[in-house]
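Undergrad: Residues per chain are reported as follows:
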Amino acid sequence: MLRARRERTSGIWKPASRFACIFVLSLVALTVVWPRIAGPYAVAIEHVVRPALHAVEATDPSVVHRDGSEIWIYRHIGGGRVTPVVWFDRYAFFAIVPLLALLMATPGLAWRSRGLRTLGALAALFLVHVAYLVISVELLYAASGTRSLEGWQLMVRVLWEAAPIGIWVAFTAGAWRVQLKRWMDGSKARCRAAAPIGASG
Amino acid sequence: MRVRGWLRLRGLVRSRRFWVTGALFLGTLAGLLWVSGSAGSMAVIQRGLARITGALLNILGHSASVSGITVGTEAFGISVVTACTGIFTLGLYLLAVIAYPCGWICKLFGVVLGAGGVFLLNLVRLISLYYVGIHMPQHFDVVHQLVWQSLMIAFVVLLWLFWAGRWTHASRKA
Numbered sequence: 001m002l003r004a005r006r007e008r009t010s011g012i013w014k015p016a017s018r019f020a021c022i023f024v025l026s027l028v029a030l031t032v033v034w035p036r037i038a039g040p041y042a043v044a045i046e047h048v049v050r051p052a053l054h055a056v057e058a059t060d061p062s063v064v065h066r067d068g069s070e071i072w073i074y075r076h077i078g079g080g081r082v083t084p085v086v087w088f089d090r091y092a093f094f095a096i097v098p099l100l101a102l103l104m105a106t107p108g109l110a111w112r113s114r115g116l117r118t119l120g121a122l123a124a125l126f127l128v129h130v131a132y133l134v135i136s137v138e139l140l141y142a143a144s145g146t147r148s149l150e151g152w153q154l155m156v157r158v159l160w161e162a163a164p165i166g167i168w169v170a171f172t173a174g175a176w177r178v179q180l181k182r183w184m185d186g187s188k189a190r191c192r193a194a195a196p197i198g199a200s201g
Numbered sequence: 001m002r003v004r005g006w007l008r009l010r011g012l013v014r015s016r017r018f019w020v021t022g023a024l025f026l027g028t029l030a031g032l033l034w035v036s037g038s039a040g041s042m043a044v045i046q047r048g049l050a051r052i053t054g055a056l057l058n059i060l061g062h063s064a065s066v067s068g069i070t071v072g073t074e075a076f077g078i079s080v081v082t083a084c085t086g087i088f089t090l091g092l093y094l095l096a097v098i099a100y101p102c103g104w105i106c107k108l109f110g111v112v113l114g115a116g117g118v119f120l121l122n123l124v125r126l127i128s129l130y131y132v133g134i135h136m137p138q139h140f141d142v143v144h145q146l147v148w149q150s151l152m153i154a155f156v157v158l159l160w161l162f163w164a165g166r167w168t169h170a171s172r173k174a
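The listed protein sequences correspond, in order, to chains U and A. Just so we're aligned: the first sequence equals residues 1 to 201 in the working numbering. Just so we're aligned: the second sequence equals residues 1 to 174 in the working numbering.
The following block holds chain U by itself, in its conformation from the complex (with noise of 0.2 angstroms):
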């Protein structure tokens, strides 16, 4: 019965020790890579941010600049001016890392696959990043004066905080479904084969 019991555990413990020892290596040579990949990205989200604000916004109110690897929004106030209205520092995209590293620790999946299904993830994640700016500078705007909108910037906040994970399951869902399948299977006739003769369940 035990032993039952106990095989029946090892059928998870060895490959989600193997997902979180894969997870954390690939978190920390990331982690050490991080530095070198933000700049680039800020720098490909301005180009993008740039256009996709001056297309949702009539009267053109905002300015995007890039410092480093932070990207400032600033607000036209008449006369020429500009007034500091957010930023969104590095850490703002910091979802890169988790998600490299989730696709990475991915059991069951080819090369070649995992490589296609890492470009899709982090061009969704990218067009995720994308609107996370261009919505969060148009909520403060639709915010400011007595209307308060602080429901949708919650909304907003927790789907960029869920877009690794949601993203990550959407991409290999299917990859997924077969090793959890693949483990239950290992699981039950392991099961099988460490009950006693007779016995039940």
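Simulated from the structure, these hints should not be mistaken for laboratory data. Small disclaimer: the values here were computed from a predicted structure and weren't measured. By construction, the Cβ of each residue, glycine as well, lies at the ideal position given by its N, Cα and C atoms. Heads up, a few of these hints could be off.
[As the list claims (entries may be wrong)] Okay, the calculated bits of chain A under chain U, using three or more residues with CB under 8 angstroms as the criterion:
#1 33 to 42
#2 87 to 94
#3 138 to 146
#4 152 to 164
Dock chain A against chain U, hints included.
TA: Here is chain A on its own, set in the frame of chain U:
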């Protein structure tokens, strides 16, 4: 194949469990958004976490004092803001547990496991950030924003995998 999928979907939509699970999922989402958006509720959670962190730091030999949501010593102080409570990560985990097809007892166990796990890991995170702030202040931002955020994500993924692989299987057998 397509007909079989359609029939399966029709059967799913007609089942009571589908609607109860859907309602529970949306209710949990609305509840989490309400709690995280409510200053009063969040303040209670933040102050509670600050007090427990302060007590743990005192046990570890630091003379920590707690003032509202800020806990600190003469050397360093940390404030427990909304994002530091782990409510967003826990929310994602809870939604994944509710959406997974298994029995209600199993879901309840998943909720308790997640809430306890995220709470404990968050305490470890707060204590470790205090030590990082004292001994390696130059790395505080990276550890706070990058490393711990990523570890929390990996933790809830692993916890969910463990729960889905171990307990949902066990409850189905029962």
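Undergrad: Now tell me, hint by hint, if it's right for this structure.
TA: Outcome of the hint check:
no.	hint	result
1	33 to 42	holds (count 3)
2	87 to 94	holds (count 4)
3	138 to 146	holds (count 4)
4	152 to 164	holds (count 8)
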